[in-house]
Amino acid sequence: MSAAAVETSNLAKTYREPLKRRTTHALRGVSVRIERGVIFGLLGQNGAGKTTFTKILLSLVQPTSGTAQVLGGSPGDPAIRRRIGYLPEQMNLPEMFKAPTMLRLMGQYYGMDRRALEKRIPEVLEQVGLAGNRKTIEAYSKGMRQRLGLAQALLNDPELLFLDEPTEGLDPLGRKQIRDLLLQKRAEGKTILLNSHILSEIEMVCDQILVMNEGEVVRRGKPTDFTPPTGVYRMRVGAVTDAVHEAVQRVVGPVRWEGATTTFTPRDRAQLNALVDSLRAVPVEIEALEPVRATLEDFFLELVLRKEAE
Amino acid sequence: MLVAFLHTIREAFQRRMTLVLLAVALMAAGYYVMLFRFETAPDGQVLVQTAVGLITVQEFLNFNLPGQLNHIGTFWLLLGALAAVPLLTSFHEKGWVELLVSKGVARWELLLGRYAAAFLQFAATLLVVCGVPAVHVWMGTGVSTLPFVKGAALVLAGYGATLGLATLLAVIQPKIGLVSVLVFAQVFLSPLLTDRKDHFKEMPALEGVAGFFHSLLPRNDELRRMAIDLYYNQPVDSWTPLWASLAVLAVTLAAACAIFQRKSL
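Protein sequences, first through last, are from chains A and B. Every letter in the first sequence is one number past the one before it in the numbering used here, and letter 269, counting from 1, is 269. Every letter in the second sequence is one number past the one before it in the numbering used here, and letter 11, counting from 1, is 11.
Take these hints with a grain of salt, some might be off.
[Said to hold, decoys possible] Some chain B residues near chain A, calculated using beta-carbon distances under 10 angstroms:
#1 Ala-4
#2 Gln-58
#3 Trp-96
#4 Leu-100
#5 Lys-103
#6 Leu-110
#7 Gln-261
#8 Arg-262
#9 Ser-264
#10 Leu-265
[What the hints assert, rightly or not] In silico DSSO-like pairs for lysine-lysine, Cα to Cα no more than 30 angstroms straight-line:
#11 Lys-98(A) with Lys-20(A)
#12 Lys-175(B) with Lys-98(A)
#13 Lys-20(A) with Lys-263(B)
Note that these hints are calculated values from the structure, not bench results. The C-beta atom is built at its ideal place from N, Cα and C for all residues, glycine as well.
All chains should be modelled from the sequences, with the hints used to inform the complete structure.
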């Protein structure tokens with residue numbers, strides 16, 4: 001059995017500021033195993049410990065206690081880090097460089113072979129949609145900088161990718177392109193650790209989600225685990241006539257309409273079927289009838305509100 | 001380490017400071033060659049044409065090259081530090097250092113690559129600003145200028161130690177302004193620390209403090225004086241300033257590497 005992409009045991013990090021007499025527990029005993037070939041989302045408020053967790057896995061921060069293994073080895077091992085790609089949230093790029101020059105430099109830091117590097121640079125620029133761009137970085141828009149950041153993270157064809165807000169500054173089309181790219185990388189067997197504040201994005205692409213709060217793992221599961229059915233149904237009909245009003249009210253009681261759409265909570269499936277029968281008898285076309293699921297945003301807001309209440 | 005070294009050299013040229021420093025060095029060297037010309041008198045004696053008229057080679061050698069050593073030991077050293085500090089602090093910028101470390105390069109390699117490039121930048125300009133006069137005088141007079149070159153090497157050793165201190169400061173607090181001010185202060189205070197017994201003879205507490213810092217910091221001023229003594233073929237009483245400065249270099253670089261290795265980025 002191959003080693004997990006990431007495995008941590010009781011990982012803790014405490015920052016001490018003696019002058020301010022302040023101690024911050026950024027991580028409190030985090031134990032996580034992330035299998036290979038998945039897109040893994042990290043979720044949590046600012047200061048929840050996501051960045052510290054990621055940085056320990058990249059050997060940018062040393063843990064106070066506990067152990068971390070990445071791709072079966074120590075994050076501190078340069079040979080392991082050469083198999084990893086990283087897109088930080090903030091990147092200061094060398095402004096006078098053009099994209100290929102910047103990537104050539106990054107490739108040299110990776111210790112890549114010159115010939116392989118020259119072949120790889122146009123490939124990654126194509127993947128992120130920057131092929132043929134002749135501008136220097138100083139003339140890049142925020143979105144282009146983000147694409148270049150992603151290109152440098154993909155340069156070494158990494159087995160494990162750490163992406164911090166990868167779609168920040170991108171337009172909707174750009175976001176879609178990046179999501180497709182991530183799904184393609186997963187299909188190639190790569191593991192991706194995604195840190196994003198765009199919850200819908202995490203919901204769309206992640207296989208697993210880890211929720212952190214105050215340095216601890218609060219919950220872990222598939223996106224659907226966080227978005228259970230609410231018992232509420234949403235229905236849209238062809239036209240809302242008095243007969244439709246009456247048919248609905250007779251079965252499920254009074255409801256509020258927004259145009260041709262309404263939401264209601266049926267007692268059980270039999271009542272739902274009775275509503276459908278009643279509407280067909282009117283007759284009216286039922287354009288959609290679907291259960292309403294909680295969103296990741298609902299879960300996240302509930303978590304924040306609960307924390308504030310405590 | 002080679003990648004970090006070459007990257008820093010490239011950055012040095014992009015920041016234009018190296019070009020400015022090299023241009024100033026070339027201008028100074030060219031000015032020197034044009035200003036001091038050598039003429040052979042009818043009696044066969046070589047004379048030097050200076051701004052104040054013709055003087056003998058011995059008179060010339062007695063004041064000119066030691067003056068050069070004085071200049072490079074103070075003015076040029078400060079200019080070199082000014083150009084080097086940005087190279088030592090820039091890569092600590094948020095988002096950039098994380099990127100480089102995450103690429104699989106050992107942290108000490110990044111640091112020493114930077115140091116080596118910053119050192120080479122100064123050494124290259126020193127070669128121009130000292131090498132051209134040394135060759136010009138040697139070719140014009142036939143007198144060996146090797147003592148002058150040895151003196152310049154001592155100044156270079158002092159600069160290496162100052163740069164080691166700057167590397168350590170940049171790791172602890174990577175602020176270009178702060179590191180520049182501290183490095184300038186170290187170079188400016190060097191004569192004061194050397195002559196602390198004269199300056200603070202009625203203030204033993206201050207003399208003690210000065211002595212403490214003297215034992216910790218590079219000894220640029222003593223090395224400059226040693227360089228001039230060497231030039232005049234005077235016996236060197238003690239090589240301690242050189243060994244002490246080299247020890248500062250070794251300790252500061254080792255400390256910088258150790259701190260950087262453990263630093264949270």
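Each hint, compared with the structure:
no.: 1; hint: Ala-4; result: holds, 8 angstroms
no.: 2; hint: Gln-58; result: violated, 51 angstroms
no.: 3; hint: Trp-96; result: holds, 5 angstroms
no.: 4; hint: Leu-100; result: holds, 6 angstroms
no.: 5; hint: Lys-103; result: holds, 4 angstroms
no.: 6; hint: Leu-110; result: holds, 9 angstroms
no.: 7; hint: Gln-261; result: holds, 9 angstroms
no.: 8; hint: Arg-262; result: holds, 6 angstroms
no.: 9; hint: Ser-264; result: holds, 4 angstroms
no.: 10; hint: Leu-265; result: holds, 4 angstroms
no.: 11; hint: Lys-98(A) with Lys-20(A); result: violated, 44 angstroms
no.: 12; hint: Lys-175(B) with Lys-98(A); result: holds, 27 angstroms
no.: 13; hint: Lys-20(A) with Lys-263(B); result: holds, 19 angstroms
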